[in-house]
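Chains D and H are the protein sequences, given in the same order.
Position 276 of the first sequence, counted from 1, bears residue number 270 in this note's numbering, the numbering being contiguous throughout.
Position 170 of the second sequence, counted from 1, bears residue number 181 in this note's numbering, the numbering being contiguous throughout.
Hints in this document: simulated from the structure, not taken from any laboratory.
Just so it is clear, CB atoms sit at the ideal spot from N, CA and C, and this is done for glycine as well.
Treat the hints loosely; a few may be bogus.
Unchecked claim - Among chain H residues calculated to face chain D with C-beta under 8 angstroms, some are: (1) Lys260; (2) Asp269; (3) His272; (4) Thr507; (5) Phe510; (6) Tyr512; (7) Gln513; (8) Val514; (9) Val528; (10) Val530; (11) Asp535.
Stated by the list, open to error - In silico DMTMM-like cross-links for lysine to aspartate or glutamate, where the CA-CA straight-line distance does not exceed 20 angstroms: (12) Lys95/D with Asp265/H; (13) Lys62/D with Asp269/H; (14) Lys26/D with Glu538/H; (15) Lys527/H with Glu64/D; (16) Lys448/H with Asp297/H; (17) Lys489/D with Asp521/D; (18) Lys114/H with Glu141/H; (19) Lys120/D with Glu538/H; (20) Lys81/D with Asp377/D; (21) Lys62/D with Glu414/H; (22) Lys521/H with Asp24/D; (23) Lys90/D with Asp535/H; (24) Lys600/H with Asp457/H; (25) Lys448/H with Asp413/H; (26) Lys95/D with Glu538/H; (27) Lys527/H with Asp27/D; (28) Lys539/H with Glu94/D.
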Amino acid sequence: MSEQDKNVKLSDNERLKRESNFLRGTIEQDLKDEITGGFTADNFQLIRFHGMYQQDDRDIRGERAKQKLEPLHNVMLRARMPGGIIKPEQWLAIDKFADEKTSYGSIRLTTRQTFQFHGVLKPNIKGMHQMLNSVGIDSIATAGDVNRNVLCTTNPVESELHQEAYDWAAKISEHLLPKTKAYAEIWLNGEKAETTEEPILGSNYLPRKFKTTVTIPPNNEVDVHANDLNFVAIAEDGKLVGFNVLVGGGLAMTHGDTATYPRKADDFGFIALADTLKIAEHVVSVQRDWGNRSNRKNAKTKYTLDRVGTDVFKAEVEQRAGVKFAPSRPYEFTHRGDRIGWVEGIDGKHHLTLFIQSGRILDYPDKPLKTGCRKIAEVHQGDMRMTANQNLIIAGVPADQKAVIEEIARNHGLIDDKDTEQRKNSMACVALPTCPLAMAEAERYLPSLIEKTEALLAKHGIPDDSIIMRVVGCPNGCGRAMLAEAGLVGKGPGKYNVYLGGNLEGTRIPKLYLENVGEDVYLDAFDKLIGQWASERNDGECFGDFVIRKGIVAEVKVSVTDFHA
Amino acid sequence: MLLGQLNALASPLSQEQVQKLQGLVAELNPIQQAWVSGYLAANANSAALGGVTAAVPSAGEAAALTILYGSQTGNAKGVATKLKEQAESRGLAVKLVSMADYKPTALKKEKFLSVVVSTYGEGEPPEDAETLHEFLATKKAPKLDGVKVAVIGLGDSSYEFFCQTAKDFEQRLNKLGAETVYQRADLDVDYDDEAATWITGALDAFEPDLKAQQSATGGQVVSFGAPAIAASQYTKQNPFAAELSTVQKITGRDSTKDVRHVEISLEGSDITYTPGDSLGVYFLNDEALVDEVLTLTQIDAASKVKIADEELSVRDALIEKLELTQSYPGFVEKYAIATGTPELLKLVEDKAAMREYIEPRQIFDVIRQNPAKLEAQTLVDCLRKLQARLYSIASSQAEVEDEVHLTIGLVEFEAFGSEHLGGCSGYLARRAEEGCKVKVYSEHNDNFRLPANDDTPVIMVGPGTGIAPFRAFLQERDAREAAGKNWLFFGNPHFTQDFLYQVEIQGYLKSGLLSKVDVAFSRDQAEKVYVQDKLRQNSQAVFEWLEAGAHFYICGDANRMAKDVHQALLDIIKENSGKNDEDAEQYLKDLRSANRYQKDVY
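Extracted from the complex, chain H is given alone in its bound form (with noise of 0.2 angstroms):
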């Protein structure tokens, strides 16, 4: 409906409050009304359900299946909105809520369980999932007799603990009594297919049982957590061909890391974001890789193959549609099939020599070290979809307006003789030319936002490419002119080279932006010296920001650097309070939950 037909006899407002929409609207740009029309979407379903979080059903209430999503990224809460979508399509009940929301003593009351959660890092949760991952582990669980549940995992199996939490919420479910209704599914990086088959699978065994439970108890239709964004027409499934405008080496000419300042236009697309989001990008193989791989399969570059229902040539699908760096053992699994090779099929029995073998490898050096003749569309068979690869943005739409920014660390390294890069890294550092397309979507991650209360103060820690959504943070409250104060925590390895935004960095100082920047520069001295030792330096102030309602953020290295800031916090805490170890861990779960302590760590 166009505002300009607005009246009261069309719609369900009074003619005061058709003026005053009016008003507004004609205030806004197109992005600004596209979010206003989501956050109303939300506010609506949360105002019919009195309040998003109030999602413990009362006693008696009616049977519905409740989907627990712990996600990361954001790729789970999609699974298991698809899973919501299906189940009301079939008039089932159902109630959708993020497992930071959940009560753990609430799990006594379910009959129906469908947990959906991904797992990143050495086997680890998702933030979301932390606490009740952990409490289905306690004596404090309750009984879950007669309880059906149905697990499904998102993770990457080029990482050793694959589907990890996944496979410990249904072990735990199991032990207390519940009863697994449909296999679990552990998801890949290319998971729409197998997620739809497991979502029908899923549904079809707990349909029966609930209809007839619903039936009895008159139960109807809820629906939880509808996205607080107008969703774009542009997704992971239909990317949006972006001009790559600018491509930036941001670290000196000695540096040994080469990081680059992406700029991408979304001009011509609906793609909103906000600051904590990370941007999907595509990108394409190496020519001369792929050239290579089809020499040493002896497969002809124009052969046809299919992917899916798309026919086309094998180069083009190794190009623009196939992973050819990230490893995995399911591809050396396959590829040994294929190729009968001993060697390989040996490492398919023994899981660590594949471990070993997969992690200085990329996919091509598999293929390399291993030649083979095949039929183009065997070893089409054998290699996962291209997956895009996420990064956090680095830029405010209220400073950049229709573009979005990205700090991206190339991968390099030198392996078997020959150089070796990351498969979107190298692409968008060496490869593409600026002025090209590449095709990006939005991820919205609500786990990494600033604070609502713009006079709520901020500390984070970002080194190296983490300093990436601190950069869109800061540029968002700067056009804000949020009150509140910003401290910057940063590290590299020299000053002189890898100060990532430093003129940036120094303009904010100087203008107040940012009240304080402690940096870290590892290589610069003797003794190397990281952000948690600069936090651990900073411990009295740190602690008077938390005291004073700080939001706390971390970005970045999620294996060490993400450990030891958090333990660096918890010293801060026990040092200036007086808490013990078990106190401290629980000031940070209360800020936590509080939504004050978060992080976006890869």
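Chain D with its partners taken away, still in its complex shape (with noise of 0.2 angstroms):
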């Protein structure tokens, strides 16, 4: 069963890794190649294993081409911060960077608790790198064939807790990285020292991205169903004990192609703090050694779970770890959402989470976000953290404060009183025109179906309710819209596929409900449905429960069996 069918053709980026030196390439000489701000073929694609993307402004793309210009290439930059915190002096940095050179001038929080850049010209990469790493920070493995970014639960308010399971990610996220001196030597001219294997990872890496969490029930802001690997933390007394390994949830699938999938986490059993990484290393090396590299629409974990078995895949890495699973320990996910304004933890710290509309911290006209972050950066004690859903936490105010800090955010409108639950709860991909794969608009389209949607809610007389609704441009999964209530997937200009039946706690993925269709399809059987949730619900339904319950679209409990059906 391991085995792969000898005759069966490697996909192309088999032969790029195993080609790479170890992630090399000839990245070096485009560097110098001063003719294209690009990359160009295998480095287009080993750059990303070192957290970066080529992309272009495809609204520009047309025009240019007709001015005899190449695209405007640049890179997006993802960076690396295991569980989403950032320094204050380190966001000073970041800040300041993407001030000067980038071309959107913004920071992007994004569904991967981390930061973007947007628009970095060639030349000012290696410069970007250096700046990185003089504030401890780097782009690893954040993209590329290998465990990405670890997440982790914000949770400010149980700081011990948090602690804890924060330094696990941490130490995961150290443990599963590419152990090549690529990026050091590359990036910041670090001495060239030959590599000559990737324990963990193999010579020719993953077969596709891979996935983790540390997650801290019940909060499911993380989405464990869209991870390869989810550690979900069991506390008691407040006291990490160990973790529930939930193995295989993805999202990602291909229009038209019935063998691609939204897929849940299978729920592997519980193990010991001190088994952590050793679990850890060995589902990556089973996938590893297991996944498809001849077809990478077949590649992730959730498809080697439903090819060989869960239980096949389970024993296995048993039997490598050196470790059995004990039956699960109970745990409830309650909610995704983050909860925006003031918390105080148990500590005695205050935390104030900011709502950022689709992650995008720009200094806009009537709301100069950036401006805020920064001056709240420049007087702030504690640490600032990314959130999943692209939101922004200042942790650890100490209570003298709260109030210098609360005043500097209502003054930039990064504290808005005017935003609503359905505002709050609605998620967008980056998309275009950056996005190379988005067929349809997302991160700027929001505002609109936002406002829509809003209207929608008040006419049927429930203002203050809301439907967790996530809009992305293509079916890759960034905006985690697979997991969502009202979920729109971009098809073409303008078009989408709508799902619907997701609920509150991220653990049921929608279901297609309509295809292809433009705004005023989707708005007018929205008009309907909220209509219907409002006079039928039952007390407290969700919409996402209420259109499973009513049958207007079929509930996909085995993805590999329903999703399509």
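Both chains are given apart, each in its own frame, so use the hints to dock them into the complex.
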């Protein structure tokens, strides 16, 4: 079963990883090439392993072709920030860089609990990595076929438990990191050092991207079912004692390919803390050896589990790690949203969660968000936390600093009492104009979709209620639309597939309701459904549960059989 | 004569030669046939004379008028050719020689000399004239007592050192003892009439003595330097109304420059061109500006005026026939007198103040700031004829056939609270619509040519719109499958916005046509980087290419870039060969004499 069919041709990405000399490729030559702002051939893929994607301004691609200019190539950088914690001095450094050296002048918080720079031109790339390095940040393995940035519930209230969970997130991240020194050599002018092996990831790295979280119930802000590997924290008396391990979640699919589907993670059972790194390593190693390396659309852990059987996969992990999974400990997810505003932790410190629409921190004409964040970072004594919902927490504020920070936040539009629940529970991926995969608008469209949805809620007399609504430009999964109550997945300009039926906790995959439709069609549908929900729902019944109970869509229980049924 | 009728009896050719010719002609398209006819004519001329450059007469040879011309864009050569033709029609012996091909030591054998020379930049001689211009000021220059000379200069009075080179030549020749037989003329951009008058006057002055000496020695009429290409019927005086097919901005949306790629169809004309040539383009003035000028001068738009022998409305005259943008002292002077404006009259007395006044202004600014009621004809008489603008051609007919491409930087600036546009660039970029007709003619430039040998490497330095002729060179070499290596140096402010023809250049690199490309984007980093810096960075390789026979070309800004590149070349030669300043200069002079160092600068 572990043997790939020898006659199946490996995907071209396997060749380029093998030939890359441990992720070096000819990136350094490309950096010296002054004739193009892009990377050539294999390097285009290889820079992903170093945390960057080559992108271009798609709004002006056609215009530039007429101008006999190449696309406006630039890179997007995604930092590695396990658990999303960033110190104020780090924030000030990235704030400055975003201002001075990026085309969009923004800091983009993302669902991977980190920040992205958009629009960095080739001559500025090395300087960017050196700037990050000077404040203790890197971008190793935040993209590509590796274990990516490890998420961790931000929970600032239970500070001790969070600290332990966060430490594990950082340790797992380090443990699963590529061992090649290519990053330091290329970007930091590090000494050349030969790499001879990648003990965990293997010399060909993983078959596909791999995502890991450390989660503290009952908050499922990290969306465990969007991740390959999840360590669900089990605490006794406020102390972390071990993890339930959930394997094989993932939301990506391909339009029109029913062999692809979003899938929830399976519960493998409970492990003690001491076994955490061993289990992490061997879930990765089994996926490394058993994952499909010929068809990238079938290469993620979720497909390996469905192909070999969850039990077989689990047994192999147990055998390799020398650890038996104990029965799962009970836990419960109750919600996924961030609690916007102030909370007080058990340690007496205060924490302010700022709602950042679509995670885009930029100085808008009426809302100078970026300046506000910078001013907070200038006076803040604790840390800052980026959430998987693309929001920002100013954590660990002593009581006497609360007023100062709140004033800055209010003066810069970071606290806006007019933000509705609907706005706070809506999310979008970046999409156009920078993401090369986007088929439709997402982030730029979200504000108007929210307004229209708010109007519908108001029309049906429930203006304070909300629906977890997510818009994404493609079916690749970044905005986690496949765990929304109502998810819009881009199909073409102005056209979306509409999926309904996720729940508040993020434990149910929604199902296709409308295919390839424009705004008039789905708003009309939302109008009717919201009307029905307002008048016919059970007490406290969320929209996703309602559409399932009413049979408006069928429930997806087992993705492989139900999702496309 | 039609080929079908061609036979050995009706021609001086043998039957075998007739067959070969018929075979060859059958393979040629009309453009090629036109070229071959010109080539053969030139070839016959030079064969009769033992080579075009063998221009030095032997002692005792017939007395003749030697016409020396120094031309940058071909205008001076054109005037010199007319002078030659007029002289021939009077039965005078005449030699027409480019200064580039003239041995300075031959001066002492001259008796009758006419100099036709242009001036460019800050009073500088054209490339061709540099050596002779310099030589005349040295102690090596021979005594020229008894030599009769007449000098005519070409220039643009909107530049400070108007016709300076012609003045220098006359002064230096006089100093050596030569006698001016006819007063020098300094031709401005609109020179046709004045040139014709001067030619008649000068020949009248030369004719008696020249004829006397000619009959004494039994001389005969000879002519030199026939054009290499059959002349088109379309000329500066008789331009072709061509279809403007494309005007495409080729700088990015955030560029500080607006550069247009222009495609014009020559279909229906017999205009041909060779990479290195320029295209003369006529344009229409901005109607809004014309109407404003008419209002300011209280002239009725329908008033009839006369320009030369043509009668038309003053509005049409201002739109189509007269210069309203490029300012020059002559206009200010005439306008000052016509309007009696005291401030302007003061300027006429003070050259420096006049220069300062003209510098930021276009012609209509002068009128706008000094409005006065005028008669329509008076205004028209103040203005000079609208001149075609010359642009280096950016295409090769081997690739684009009957199209011609240009790379035009839009001249635009703010002054006195309003937007100002260049006359022609403003017309093409802002007002002309694709599909309309523009009047054009081609201007040959034999001083900017690819090497005849396709194996010869070339180095091309063309920042900004200076890239234009090199796009033509590359298309030509690509079509010819020339084996010689090609190295391009390009520069502009910003990589993302101003990399002209980036995608084409990338394609040529990929195909191997371009061996190397070095780019200098001056404002992409704290320290400004220019093409000359890139040349210096590649010092050794540049020298190796030169030693391997490379031709070196510069196109673009004359005042700074070309000089900086020249200096960089000198430094490169010194650094790699150990030569001193003088020898390095000599190295470049030798390159120039061998036509391996050519400039198209403006």
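Quick rundown of the hints versus the structure:
1. Lys260: Because about 6 angstroms separates Lys260/H from the closest Cβ in chain D, which is inside the 8 angstroms limit, the hint holds.
2. Asp269: violated, 11 angstroms
3. His272: With Cβ-Cβ at 7 angstroms, under 8 angstroms, it holds.
4. Thr507: holds, 6 angstroms
5. Phe510: holds, 6 angstroms
6. Tyr512: Check passed: Cβ of Tyr512/H comes within 5 angstroms of chain D, closer than 8 angstroms.
7. Gln513: holds, 5 angstroms
8. Val514: Since chain D brings a Cβ to about 5 angstroms from Val514/H, closer than 8 angstroms, the hint holds.
9. Val528: holds, 6 angstroms
10. Val530: holds, 5 angstroms
11. Asp535: holds, 6 angstroms
12. Lys95/D with Asp265/H: holds, 16 angstroms
13. Lys62/D with Asp269/H: Holds - the C-alpha atoms of Asp269/H and Lys62/D are around 14 angstroms apart, at most 20 angstroms.
14. Lys26/D with Glu538/H: holds, 18 angstroms
15. Lys527/H with Glu64/D: holds, 19 angstroms
16. Lys448/H with Asp297/H: OK: Lys448/H and Asp297/H at ~16 angstroms, within 20 angstroms.
17. Lys489/D with Asp521/D: holds, 18 angstroms
18. Lys114/H with Glu141/H: holds, 12 angstroms
19. Lys120/D with Glu538/H: holds, 18 angstroms
20. Lys81/D with Asp377/D: holds, 5 angstroms
21. Lys62/D with Glu414/H: holds, 18 angstroms
22. Lys521/H with Asp24/D: holds, 14 angstroms
23. Lys90/D with Asp535/H: With Cα atoms ~18 angstroms apart, Lys90/D and Asp535/H stay inside 20 angstroms; holds.
24. Lys600/H with Asp457/H: Distance of about 18 angstroms is within 20 angstroms: holds.
25. Lys448/H with Asp413/H: Holds, at about 15 angstroms.
26. Lys95/D with Glu538/H: It holds: about 16 angstroms lies between the C-alpha atoms, which stays within 20 angstroms.
27. Lys527/H with Asp27/D: holds, 11 angstroms
28. Lys539/H with Glu94/D: holds, 18 angstroms
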